[in-house]
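There are 2 protein chains.
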Amino acid sequence: MERVPVLKIGDILLVSIQVDMSDQTAVQLQEDLAERIVATGCHGVIIDITALDIVDSFVGRMLSTIASISKVLDAETVVVGMRPAVAITLVELGLSLNGIRTALNVERGMELIAATRDDDYGYDDLDEPGDQSTDTR
Amino acid sequence: MERVPVLKIGDILLVSIQVDMSDQTAVQLQEDLAERIVATGCHGVIIDITALDIVDSFVGRMLSTIASISKVLDAETVVVGMRPAVAITLVELGLSLNGIRTALNVERGMELIAATRDDDYGYDDLDEPGDQSTDTR
Numbered sequence: 781m782e783r784v785p786v787l788k789i790g791d792i793l794l795v796s797i798q799v800d801m802s803d804q805t806a807v808q809l810q811e812d813l814a815e816r817i818v819a820t821g822c823h824g825v826i827i828d829i830t831a832l833d834i835v836d837s838f839v840g841r842m843l844s845t846i847a848s849i850s851k852v853l854d855a856e857t858v859v860v861g862m863r864p865a866v867a868i869t870l871v872e873l874g875l876s877l878n879g880i881r882t883a884l885n886v887e888r889g890m891e892l893i894a895a896t897r898d899d900d901y902g903y904d905d906l907d908e909p910g911d912q913s914t915d916t917r
Numbered sequence: 781m782e783r784v785p786v787l788k789i790g791d792i793l794l795v796s797i798q799v800d801m802s803d804q805t806a807v808q809l810q811e812d813l814a815e816r817i818v819a820t821g822c823h824g825v826i827i828d829i830t831a832l833d834i835v836d837s838f839v840g841r842m843l844s845t846i847a848s849i850s851k852v853l854d855a856e857t858v859v860v861g862m863r864p865a866v867a868i869t870l871v872e873l874g875l876s877l878n879g880i881r882t883a884l885n886v887e888r889g890m891e892l893i894a895a896t897r898d899d900d901y902g903y904d905d906l907d908e909p910g911d912q913s914t915d916t917r
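Protein chains in written order, with the numbering used here: chain A, 781 to 917; chain B, 781 to 917.
Same shape as in the complex, but just chain A (with noise of 0.2 Å):
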């Protein structure tokens, strides 16, 4: 069975899919990125598809199945390297992708996770006066 790697840099995952997915190596995947995120405490995770000239629904239900698993696990997954030709298709088809956030590369990929999560801390500080004023009420 082919297993496709996750690589570790800095806070994110990578995930370059590049095989043929097929049920057993979904599952396989989705196992492995559950267990790296918790091992590993990231927040971000990042999906490779360059490689890929199709999106068909069962790739496109991984890929959302994954996003949700690690929105579950406080982890943000950002689909990069689309092609233009799978968007068209994609589209055509009628797949939303569901959840799934894209970026046009890895580099993007980054900014944006990066971005999502500096906009969570910009929450966290902005929650902490109105805490501190109705202690002082």
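Hints may be right or wrong, so weigh each one.
[Stated by the list, open to error] Heads up, simulated SDA-like pairs for lysine to any residue below, C-alpha to C-alpha not over 25 Å straight-line:
{"hint": "1", "chain 1": "B", "residue 1": "788", "chain 2": "A", "residue 2": "834"}
{"hint": "2", "chain 1": "A", "residue 1": "788", "chain 2": "B", "residue 2": "820"}
{"hint": "3", "chain 1": "A", "residue 1": "788", "chain 2": "B", "residue 2": "803"}
{"hint": "4", "chain 1": "B", "residue 1": "851", "chain 2": "B", "residue 2": "803"}
{"hint": "5", "chain 1": "A", "residue 1": "788", "chain 2": "A", "residue 2": "887"}
{"hint": "6", "chain 1": "B", "residue 1": "788", "chain 2": "A", "residue 2": "880"}
{"hint": "7", "chain 1": "B", "residue 1": "788", "chain 2": "B", "residue 2": "802"}
{"hint": "8", "chain 1": "A", "residue 1": "788", "chain 2": "B", "residue 2": "898"}
{"hint": "9", "chain 1": "B", "residue 1": "788", "chain 2": "A", "residue 2": "862"}
{"hint": "10", "chain 1": "A", "residue 1": "788", "chain 2": "A", "residue 2": "892"}
{"hint": "11", "chain 1": "A", "residue 1": "788", "chain 2": "B", "residue 2": "790"}
{"hint": "12", "chain 1": "B", "residue 1": "851", "chain 2": "B", "residue 2": "897"}
{"hint": "13", "chain 1": "A", "residue 1": "788", "chain 2": "B", "residue 2": "799"}
{"hint": "14", "chain 1": "B", "residue 1": "788", "chain 2": "A", "residue 2": "804"}
{"hint": "15", "chain 1": "B", "residue 1": "788", "chain 2": "A", "residue 2": "832"}
{"hint": "16", "chain 1": "B", "residue 1": "788", "chain 2": "A", "residue 2": "821"}
{"hint": "17", "chain 1": "B", "residue 1": "788", "chain 2": "A", "residue 2": "884"}
{"hint": "18", "chain 1": "A", "residue 1": "851", "chain 2": "A", "residue 2": "804"}
{"hint": "19", "chain 1": "A", "residue 1": "788", "chain 2": "B", "residue 2": "882"}
{"hint": "20", "chain 1": "B", "residue 1": "851", "chain 2": "B", "residue 2": "786"}
{"hint": "21", "chain 1": "A", "residue 1": "851", "chain 2": "A", "residue 2": "870"}
{"hint": "22", "chain 1": "A", "residue 1": "788", "chain 2": "B", "residue 2": "833"}
{"hint": "23", "chain 1": "A", "residue 1": "788", "chain 2": "B", "residue 2": "891"}
{"hint": "24", "chain 1": "B", "residue 1": "788", "chain 2": "B", "residue 2": "894"}
{"hint": "25", "chain 1": "B", "residue 1": "788", "chain 2": "B", "residue 2": "832"}
{"hint": "26", "chain 1": "B", "residue 1": "788", "chain 2": "A", "residue 2": "881"}
{"hint": "27", "chain 1": "A", "residue 1": "851", "chain 2": "A", "residue 2": "790"}
{"hint": "28", "chain 1": "B", "residue 1": "788", "chain 2": "B", "residue 2": "868"}
{"hint": "29", "chain 1": "B", "residue 1": "788", "chain 2": "A", "residue 2": "898"}
{"hint": "30", "chain 1": "B", "residue 1": "788", "chain 2": "B", "residue 2": "801"}
{"hint": "31", "chain 1": "A", "residue 1": "788", "chain 2": "A", "residue 2": "880"}
{"hint": "32", "chain 1": "A", "residue 1": "788", "chain 2": "B", "residue 2": "862"}
{"hint": "33", "chain 1": "B", "residue 1": "788", "chain 2": "A", "residue 2": "891"}
[Said to hold, decoys possible] Restraint-style ranges between C-beta atoms, simulated for each label pair:
{"hint": "34", "chain 1": "B", "residue 1": "848", "chain 2": "A", "residue 2": "841", "range": "36 to 44 Å"}
{"hint": "35", "chain 1": "A", "residue 1": "799", "chain 2": "B", "residue 2": "838", "range": "17 to 25 Å"}
{"hint": "36", "chain 1": "A", "residue 1": "887", "chain 2": "B", "residue 2": "885", "range": "37 to 45 Å"}
{"hint": "37", "chain 1": "B", "residue 1": "782", "chain 2": "A", "residue 2": "804", "range": "14 to 22 Å"}
{"hint": "38", "chain 1": "B", "residue 1": "852", "chain 2": "A", "residue 2": "854", "range": "39 to 47 Å"}
{"hint": "39", "chain 1": "A", "residue 1": "873", "chain 2": "B", "residue 2": "819", "range": "31 to 39 Å"}
{"hint": "40", "chain 1": "B", "residue 1": "887", "chain 2": "A", "residue 2": "837", "range": "33 to 41 Å"}
Hints in this document: simulated from the structure, not taken from any laboratory. Where a beta carbon is used, it is the ideal one built from N, C-alpha and C, also for glycine.
Given chain A, work out where chain B should sit, using these hints.
Structure of chain B alone, referenced to chain A:
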């Protein structure tokens, strides 16, 4: 024909080899990498072989060729993610992976490349005073 994607992350190009390499795929990868090094001005190439169960003489030669091409284009090549079994087989087969540097994982590979570049700069710094003293003599 399968095509192995080349991902740019900061100053480094990352290649994750997951498919069986044919002659064509190998040549294509070498060309793609050389083009990307020139286009991006990256100084490091990391080749991840986590997914490979076997590194035979063909793949070993391909890695050496990539390292040599990168060297000429002023980029360091580091092979990461080698499995213990692969290392054992390589030694048993008498394949020495000439001119190839290795690291445990992508992050250590990045550190190795960064350290190498720093050393180079350090060397330049040492050179400059010498040049100046030559000028002022």
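Practice item. Evaluate the given range 14 to 22 Å for the C-beta pair formed by residue 782 of chain B and residue 804 of chain A. Key: holds, 20 Å
Point to revise | Pair hint residue 788 of chain B and residue 802 of chain B, alpha-carbon separation not exceeding 25 Å | key: holds, 24 Å
Check your understanding: Taking 25 Å as the top limit, are the C-alpha atoms of residue 788 of chain A and residue 898 of chain B close enough?
Key -> Holds, at roughly 23 Å.
Check your understanding: Are the Cα atoms of residue 788 of chain B and residue 898 of chain A separated by 25 Å or less?
Key -> Roughly 23 Å separates the two Cα atoms, so the pair holds.
Practice item. For the pair we were handed, residue 788 of chain B and residue 832 of chain A, check the Cα-Cα distance against 25 Å. Key: Roughly 17 Å separates the two Cα atoms, so the pair holds.
Point to revise | Given pair status - residue 882 of chain B, residue 788 of chain A, alpha carbons within 25 Å | key: holds, 17 Å
Review point. Holds or violated: residue 788 of chain A with residue 820 of chain B, Cα cutoff 25 Å?
Key: Holds, because 23 Å separates the two Cα atoms, which is no more than 25 Å.
**Study point:** Pairwise hint evaluation, residue 799 of chain B against residue 788 of chain A, where the allowed Cα distance is 25 Å at most
**Key:** Since the Cα atoms of residue 788 of chain A and residue 799 of chain B sit roughly 20 Å apart, the hinted pair holds (cutoff 25 Å).
Check your understanding: Are the Cα positions of residue 788 of chain A and residue 891 of chain B separated by 25 Å at most?
Key -> holds, 13 Å
Review point. Do the alpha carbons of residue 788 of chain B and residue 881 of chain A lie within 25 Å of each other, as the hint requires?
Key: Satisfied, since the Cα-Cα distance of roughly 19 Å is no more than 25 Å.
**Study point:** Pair hint residue 788 of chain A and residue 862 of chain B, alpha-carbon separation not exceeding 25 Å
**Key:** holds, 15 Å
Review point. For the pair supplied as a hint, residue 851 of chain B and residue 897 of chain B, is the alpha-carbon distance within the 25 Å limit?
Key: Distance of about 13 Å is within 25 Å: holds.
In this structure, the earlier hints numbered 3, 14, 28, 36 are contradicted, and the remaining ones agree with it.
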